[in-house]
Every structure is written in structure tokens, then in C-alpha cells.
Amino acid sequence: MLSEDDLDLKQMTEEELARAWDLWFDLAQSTNEADPPYSHGVLAGLRESPGSTPRS
Amino acid sequence: MVNVYFALTEEFNAEGVVALLASGQAVVFYRIALMSKDGDWVVRESEEACQRVRAVLARHGARYRPGAPLDPRWLAGGWSSHFEFFDAQDRRVRCDFVSRPPRVPPHDLDEMFRAARGEARLRVVDPERLILLKQTQRAKDYPVIGEIARLLPADRELRWTTDPDRILELAESHGMGSDRPSVEAARQGRARDDVVVELARELDRLQSEDRRRMRRYEESARPYIAAFRGAVDGAASLDDGHAAAVRLAERLLPEHPAGES
Chain A
1 MLSEDDLDLK QMTEEELARA WDLWFDLAQS TNEADPPYSH GVLAGLRESP GSTPRS
Chain B
1 MVNVYFALTE EFNAEGVVAL LASGQAVVFY RIALMSKDGD WVVRESEEAC QRVRAVLARH
61 GARYRPGAPL DPRWLAGGWS SHFEFFDAQD RRVRCDFVSR PPRVPPHDLD EMFRAARGEA
121 RLRVVDPERL ILLKQTQRAK DYPVIGEIAR LLPADRELRW TTDPDRILEL AESHGMGSDR
181 PSVEAARQGR ARDDVVVELA RELDRLQSED RRRMRRYEES ARPYIAAFRG AVDGAASLDD
241 GHAAAVRLAE RLLPEHPAGE S
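Residue numbers (the numbering used here), protein chains in the order written: chain A, 1 to 56; chain B, 1 to 261.
Keep in mind that the hints were calculated from the coordinates and are not lab data.
By construction, the Cβ of each residue, glycine as well, lies at the ideal position given by its N, Cα and C atoms.
You can trust all of the hints, since none of them are fake.
Covered stretches of chain B (in silico footprint by chain A; criterion: 3 or more residues with CB under 8 Å from a CB of chain A, positions within the stretch not fixed):
no., segment
1, 33–42
2, 77–83
3, 87–101
4, 213–219
Taking the hints into account, I'd like the entire structure generated from these sequences.
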């Protein structure tokens with residue numbers, strides 16, 4: 001049901017999987033600002049925008 | 001180079017297992033998909049476990065995001081706690097915790113920790129309970145459930161799969177006694193469309209149940225969340241933020257939302 005690219009994760013070594021995830025995590029940062037305020041937990045449906053923690 | 005959420009799991013469990021990696025990162029662990037940039041854990045419902053997790057998060061400079069205090073009193077009511085920090089490469093790391101994962105009966109929680117997969121300190125929710133966690137209101141979780149189910153023996157796969165083709169393949173050999181209408185339709189030799197429709201109804205019912213459950217929490221949390229920013233965000237440390245969140249929760253967040261036992 002998922003793409004063959006997704007399922008190819010099973011063929012990777014531990015190091016390759018870690019590298020693939022790290023690259024994916026880097027790329028995923030580009031959408032941080034567009035993320036819904038909650039995507040998990042029991043408050044996921046709240047619509048107000050609490051935003052991110054201010055950088056220190 | 002290591003998945004930051006795998007590394008955090010090992011840190012949480014350095015002095016004994018108190019947290020199981022769950023949800024999207026568990027899906028990564030099982031090599032099904034790269035599908036979440038947040039981390040979710042099921043944490044032991046004890047003050048000691050909460051303290052250990054908060055200590056690790058504090059070392060990383062984490063701050064509370066709006067959510068319940070990471071404290072057994074609220075965790076026991078099914079609330080979730082949320083944190084955020086930035087790693088050495090300036091990437092946002094978000095960490096979410098529950099001790100009462102949805103759809104897992106309370107009497108099953110000890111067994112959940114015993115059945116966890118992984119090695120040493122990297123402990124991960126087992127596939128069957130991970131499926132329960134993924135039965136959310138989000139449509140994107142259901143194809144993933146189909147893939148998680150493929151990790152199980154055929155009879156258990158048929159109990160959970162969301163793939164109509166797998167239902168059609170397995171129903172005859174492993175479907176006797178199943179309470180799933182889609183499996184029953186397949187066993188009766190009905191058309192594939194009938195199996196697909198029964199499956200769609202089942203998944204829609206699961207999504208609706210999750211939506212109803214979340215609404216109860218959202219409604220109970222509104223006064224607390226509205227006051228959260230002013231009360232907690234300015235805290236100088238995670239310890240201070242925790243103390244402020246607890247004070248606020250004691251005033252405004254019921255330990256058990258209405259309708260949840």
C-alpha cells in the first residue's frame with residue numbers, strides 16, 4: 001500500500017537507514033513554519049496557534 | 001549519525017526502561033516509512049519515570065509546548081505532554097508523551113512494556129499495539145497499519161490489516177470466527193467491492209471514534225491552554241516551566257476530562 005521507495009527501507013543497512021532518516025529530517029525542517037500547532041497527543045484538534053518555543 | 005529520537009529513547013532508558021518509542025518513529029524503526037519529524041513515547045506512569053524523562057529533556061534545553069504537565073496525575077487521565085528543543089544542527093525536535101495510549105486497555109500497559117521490541121535501551125512499542133495507537137482520525141495512518149500488520153503472523157495480520165487484497169487472500173485460510181464484516185464478506189465469496197465497502201465503513205468508524213475522544217480532551221483543556229503561554233512560556237528552565245505548568249493545571253486542567261474514566 002506504500003510506495004516501493006518506502007518499502008526499500010527494509011533493504012538498508014543500519015547506517016544507510018540512519019543516513020536516509022537524517023537527510024529526510026533535514027529536508028522536513030523546511031516545513032516547520034507550516035506545521036499545525038499540534039499533530040499528536042490529545043490536543044491535536046485545537047485550532048489556535050501556540051507556535052514554536054522561542055529560540056534562546 | 002543517529003536518529004535523534006532513537007538516541008533520546010536510549011537516554012530516557014539509561015537507568016531502566018521507562019519509555020517506549022511509539023507512533024511515527026516506531027514506524028521508522030520497523031522500516032516501513034520515514035513519516036514523522038516528531039517523536040512520541042509511552043512513558044511509565046510514575047513520578048520517577050517522569051522525573052527521568054524531564055531530566056533528559058532539560059539537558060537538551062527543552063521547553064514545554066502547550067500540553068499537560070509530565071506528571072502522573074494528568075497522564076493517568078489520558079492527557080499528553082509536549083516539549084520542543086533544537087539540536088546541535090539547529091533542527092527542531094518535538095517530543096510527545098502519554099502514559100495511557102489510546103485504545104490500549106489500562107490492564108495491558110505492563111504487558112505492553114514486556115512485549116516491547118528493540119535492543120537494550122532502544123525499546124519500541126510492539127507491532128500489534130502500535131496498530132492500536134495508529135487507529136487515529138487521520139486517513140494517512142491506515143495504509144501504514146496495513147504495512148505494520150504485514151509484520152504479524154497471518155491470523156493476526158487478518159485481525160488488523162487495512163489492505164483489502166490481504167483480506168481477500170487470507171480470509172479463507174485464517175478468517176474463521178473473525179468479527180470483521182470485511183473478512184466475513186470475503187469468506188462468503190462476495191464481490192471485491194463488498195469487501196472494500198465493509199473495510200471503508202470500519203475505518204470510518206475508527207476515525208469517528210478517535211475524533212469524538214479527542215473532542216472531549218480539547219473541550220476540557222481550553223481554559224488551561226488559553227492561560228498556558230503567559231504562565232509557562234517565560235520560565236527560565238524546564239524545571240521552572242514544569243512547576244508553573246503543574247500550578248496552572250491544578251487550577252484549570254481536570255485530571256480526568258469529562259467522559260473519560
